[in-house]
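Residue numbers (the numbering used here), protein chains in the order written: chain Y, 1 to 432; chain U, 1 to 301.
Please keep in mind that the hints were generated in silico from the structure rather than gathered at the bench.
None of these values were measured; they are calculated from a predicted model.
Among the hints, a few may not be true.
Okay, the calculated beta carbon distance ranges per label pair [said to hold, decoys possible]:
| id | chain 1 | residue 1 | chain 2 | residue 2 | range |
| --- | --- | --- | --- | --- | --- |
| 1 | U | 46 | Y | 325 | 24 to 34 Å |
| 2 | Y | 65 | U | 73 | 53 to 63 Å |
| 3 | Y | 325 | U | 107 | 46 to 56 Å |
| 4 | Y | 368 | U | 74 | 52 to 62 Å |
| 5 | U | 16 | Y | 125 | 48 to 58 Å |
| 6 | U | 123 | Y | 56 | 20 to 30 Å |
| 7 | U | 123 | Y | 363 | 42 to 52 Å |
| 8 | Y | 64 | U | 231 | 36 to 46 Å |
Sample of chain Y residues lacking proximity to chain U, with all beta carbon distances greater than 10 Å (derived) [to be verified]:
| id | residue |
| --- | --- |
| 9 | 68 |
| 10 | 72 |
| 11 | 146 |
| 12 | 227 |
The beta carbon of each residue, even a glycine, is placed where N, CA and C say it ideally should be.
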Amino acid sequence: MKKFLAVLLALLLVLPMVACAPTTTSGTKAPPPQTTAGDTGKKVVIKYSGWRTEDQAAITKMNELFTAEHPNIEVIYEPILATEYDTYLQTALANGTATDVIMMRSYGGGRTVFSGGKILELNTQNVPNLQAQIDAGIDAWASDGKYFAVGTGMTMEGVWYNKDIFEACGINKLPTTVQDLIDICKTIKDKNYLPIACGIADDWYVSEEVTSSILMSVIGSNDWVKQLYDKKINFTDSKYVQMLQTFLDLSPYYPDFFEGLTYEDCQSLFITGNAAMYMSGSFELQGFIETNPDLKMGCFAFPGQTAAPVGQNYTAACSAGVYADSKYVEEALTYVNWLASQEGGEAYANGVLGFFSPNPAASELKDERAKEWQALSNGKTMIHMLGYETMYDGSPDYSTAIGNTVRAMVADGLTAEAGATYMQEQMGWYFD
Amino acid sequence: MKRSKWLYAGFVLPALVLYSVFMLYPLISSLGLSLFSWNGYGPKTYVGFENFAKLFGNVNYSARFFGALKNNVIFFVETIILQNATALLLAALVNIRRIRGTKLFRSLYYLPCTLSIIVVGYIWTLIYNPLWGSLNYSMDLLGLGAYKLAWLGNEKTALLAIAIANAWQYTGTPFVMFLAGMNAVPGELYEAAEIDGASVTRQFFRITLPLIMPVMFIISVIVFVGNFSAFEIVYAMTGSTGAPGYSTDILGTFFYRTCFGSRLGMPPDMGVGAAIATCMFAIIGIAVAAWFKMSKRESDL
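Could you put together the complete structure from these sequences and hints?
Structure representation (structure tokens):
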């Protein structure tokens, strides 16, 4: 009996070990049957990982188009939650389980990953269609002139508006100047609607959607950005002050307690039809259509100070790079090259609505609302939002600093000038 | 005799292996990592104590570190006061023998402990939501509309708001421990006190409270360790940036940000991250050791 008890106790102690074992491998599914690339006529299965979980259906559909043209290659898209993607990628590259094709962050995030040496360098030999991206001057996925991914999705930032509310308020002309916008806000507020869904609790939302759109309409050219990056001017520059002032001028038309509202709060205010306008980007389109298909929505570029804006804010969002140690580098390159082509670019843009190919030839869109966003760039200088090309590798990074600045202006009643000074103080590390 | 010795070793072995693999090894390797420079992707370079020099010498890091440390102390004090006071009150109420259905209350008060931290964080974010949250809504109903706030968006209230959510979730643990402590107090003491004419409140302060002090001490240690290594609840409610204005930045979020980089692309700095973790380890270790020593001296007296 004693012996039996002893064995039982020992088993109980070991049991947790057994129970723990599967959790270490639960993240990896059994690989689908694969054959070597050399076997002609047999299908090779490659995997593509990215952080856009919401695009799984669209990308899967797009991959079917690719397979129809390249019957030997099947591509499976495996999305990872955006907030966990970078940690996932770090681990997967370290232990050799990364997928064949990898979605790379633009600028700093991507460059850090590329520096690890596990991402294949792309050039016009192994990816001929990369040329279109180089010609368009998009270096978001390049490090010292070495390309590590092709862009697949660029997005545009601007203002969403609810057509029904605009109509109910008798507004039939979209604003071209800030004064127009303020007048429209007054009309909307008088009719007891919420003019602008805006909240400043999330740094990234303040940085990428709210202040960025205003800033690009103020500066109007890439020169200003270059001067700032080259430290010839700093954040106390009059144009930056003007951006902060415009943000403050519009604040009477934000929701109550907007200092505590998150991105999701603002998004739901707009998508449920409770706000007339919402500062965000084209990337919302697919989700908006799925969440509230009945909402009549349109978009316009953030208005200029005195005349229609000449600068348009964009983001280098999604991409595809190749894992250097992949068993199927050739197939992965074929896929990436297709994504960069006119056909692949259009397949992407027509599948993942609101994202546009960096290849200017890939411009044929079907969805009217996507076309509306695309039209925002017509005849305008495209300016990439601040903070990604530089200003991300110190503490606080640009995004955190502008979040802090805007909140300090609202909470402590700082003027735009004082806000700009505080911004410069925080970003001092960059100018040292 | 010899056989039983081996048998004992056999019993200890599985636990020892598990502990070593899942606790000791990660602990030692992360302490070691603090002496290396590593962005998480490329090779590691040995840099000696440079990470610590950066952490305390560079004002961008040191200001954040001491800011986070200060917030951690505030967070701990707020949590322990809220949690212990509530738990003590509830335990004392449930312990009154005349009240029926105390068993139900025992389960109910413990229930939040069993919820996932992320769930608790999410529920409380909804409660605090300035537009449609139930807190501001209730204040309107009570005629307190003028005092409504964006609780998590205001630098003055954000940390306290998180401490309340945290205390709400974990009140169950000290509650159960207090209850066990109270039940261990010999009944004769109360009978004697009653004969002497002591009121219920007097009995509580003169008999119950002094006798459950050791429980109070254990709870403080648990809460201290929990709060100084806290991360999840803050992450779930205000993210890892310490927003608004670093008012909810604690050592855990500062560590996470530094270690894994930011959304904007700030490169991960595993070395400095590990240095922060090492400091957290030292703070917790030293404080707990000092605490135990202090309580021992007290009980020796």
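Original post:
At the C-beta level, are residue 46 of chain U and residue 325 of chain Y separated by a distance inside 24 to 34 Å?
Top reply: 26 Å, holds
Subject >> Outside-interface status for residue 68 of chain Y - nearest CB in chain U farther than 10 Å >> reply: 36 Å, holds
**OP:** Using the Cβ atoms, figure out if residue 16 of chain U sits within 48 to 58 Å of residue 125 of chain Y.
**Re:** The hinted range 48 to 58 Å holds for residue 16 of chain U and residue 125 of chain Y, with Cβ atoms some 56 Å apart.
**OP:** Look at the Cβ atoms of residue 123 of chain U and residue 363 of chain Y and judge whether their distance stays inside 42 to 52 Å.
**Re:** 46 Å, holds
**OP:** Starting from the range 46 to 56 Å, see whether the pair residue 325 of chain Y and residue 107 of chain U falls in it by beta-carbon distance.
**Re:** Given range 46 to 56 Å: holds, Cβ gap about 54 Å.
Original post:
Are all C-beta atoms of chain U more than 10 Å from that of residue 227 of chain Y?
Top reply: 21 Å, holds
Original post:
Range hint 53 to 63 Å: satisfied by the CB atoms of residue 65 of chain Y and residue 73 of chain U?
Top reply: 58 Å, holds
Subject >> Nearest-CB test (10 Å) between chain U and residue 146 of chain Y >> reply: 15 Å, holds
Original post:
Honestly, do residue 64 of chain Y and residue 231 of chain U meet the 36 to 46 Å range at C-beta?
Top reply: Holds, at about 42 Å.
Original post:
residue 368 of chain Y and residue 74 of chain U, beta-carbon distance inside 52 to 62 Å?
Top reply: Roughly 53 Å apart at Cβ, these two residues keep to the hinted range, so it holds.
Subject >> chain U versus residue 72 of chain Y - minimum CB to CB distance exceeding 10 Å, so not interface >> reply: The claim stands: residue 72 of chain Y keeps its Cβ more than 10 Å from every Cβ of chain U (closest is about 32 Å).
Original post:
Is it true that the C-beta distance of residue 123 of chain U to residue 56 of chain Y lies inside 20 to 30 Å, as the hint says?
Top reply: 29 Å, holds
Violated hints: none; the structure is consistent with every hint.
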